[in-house]
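*Asks:* For reference, the chains in residue letters:
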Amino acid sequence: MDDVLEIAGTPLRSRLLLGSGGFQSLELFADALTASGAEIVTVALRRVEDAPGGLYDTIAAAGARTLPNTAGCFTAREACQTARLAREAFETDWVKLEVIGDRRTLLPDSLELLRAAETLVGEGFVVLAYTNDDPILGRRLADAGCAAVMPLGAPIGSGLGIRNPHAIELMREMVDVPLVLDAGIGTASDAALAMELGCDAVLAASAISRAGSPRMMASALRDAVRAGHAARAAGRIPRVRHGQASTDDAGMPAL
Amino acid sequence: MMVRINGVARTVVERATVADAVSAAGSDPAERGIAAALDGRVVARAEWTATPLHEGAEIEVVRATAGG
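First to last, the sequence lines map onto chains V and E. Counting in this note's numbering, the first sequence runs from 1 upward without gaps. Counting in this note's numbering, the second sequence runs from 1001 upward without gaps.
Wrong hints could be hidden among the right ones.
Listed next, with one range per pair, are the computed distances between beta-carbon atoms [what the hints assert, rightly or not]:
id, chain 1, residue 1, chain 2, residue 2, range
1, V, Ile237, E, Ala1046, 14 to 24 Å
2, V, Ala8, E, Thr1049, 44 to 54 Å
3, E, Asp1039, V, Pro165, 26 to 36 Å
4, V, Ser213, E, Gly1040, 36 to 46 Å
Heads up, incomplete: computed chain E residues facing chain V, CB under 7 Å, no partners named [what the hints assert, rightly or not]:
id, residue
5, Met1002
6, Asn1006
7, Ala1009
8, Arg1010
9, Val1042
10, Ala1064
11, Gly1068
Please keep in mind that the hints were generated in silico from the structure rather than gathered at the bench. Owing to the predicted nature of the structure, the values given are computational and were not obtained by experimental measurement. All C-beta atoms in this analysis are idealised placements derived from N, C-alpha and C, irrespective of residue type, glycine included.
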């Protein structure tokens, strides 16, 4: 499949987005970025003394787009402030909005998320909203003007895959903006499944940065996303309970 | 006068601006990918040299770091 995904009118040839977190070095990150083919890379914003330079330039040198996130924010107010700082720092209106509700699970706080999304859309931001795998909330986020809805497959960094494929399928039916599976990806089959369920793209961070070989996993996820997207377009056969012969019984010799 | 830059109390000269605070934080005001807030409000880069600090000002200076 060589069709083009559009988010907020921007055409994207790659359906794999890369998170920049967790790499052991900037070199490993740069190698993985090249292998992934990703055109969008998420970054966080931190005080300068805690943020070594070079990341922003590395992403730009690879020709990819920087997508600032609001990682670490627990309230709509914090997330909106972070988005405004990011807009100034990176000269982009795009933001991956995440508002976390709990340190242990890192699950999103749905009420703060929706509130922040409404505020930021009102200020002209292109909001990609990281959300629970809740079809109704996904629809509310799309109705609020989010450019993409990013449901989790499982908690951030857990590698547990897609815990509720049915919910992701329902989101595909009920959300009319691009759907990007975010969080939970552990390996290639998880990414392929996300695409087979109808997601438009997949975001992977830990699955790549913490893999034995980040470069090889980046390449594997790139292929898995392509394969899953093609399989979705091809149309899978229905599941049936029993065997269904592909060979006709007619003409069977009497032996 | 005393201000707080990224949570640390510091003395800056009278007439210091947001641009001075960005330098004091250890970054080059010309570097791309940096943003600053004064008392919780984002200050556009173009306004840094024209935005004075005041006694007790709280300045945050941030840049991109690795993150999901």
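*Asks:* Now, for every hint given, state plainly whether the structure supports it.
*Replies:* Outcome of the hint check:
no.: 1; hint: Ile237(V) <-> Ala1046(E): 14 to 24 Å; result: violated, 59 Å
no.: 2; hint: Ala8(V) <-> Thr1049(E): 44 to 54 Å; result: violated, 33 Å
no.: 3; hint: Asp1039(E) <-> Pro165(V): 26 to 36 Å; result: violated, 47 Å
no.: 4; hint: Ser213(V) <-> Gly1040(E): 36 to 46 Å; result: holds, 43 Å
no.: 5; hint: Met1002; result: violated, 19 Å
no.: 6; hint: Asn1006; result: holds, 4 Å
no.: 7; hint: Ala1009; result: violated, 15 Å
no.: 8; hint: Arg1010; result: violated, 12 Å
no.: 9; hint: Val1042; result: holds, 5 Å
no.: 10; hint: Ala1064; result: holds, 4 Å
no.: 11; hint: Gly1068; result: holds, 4 Å
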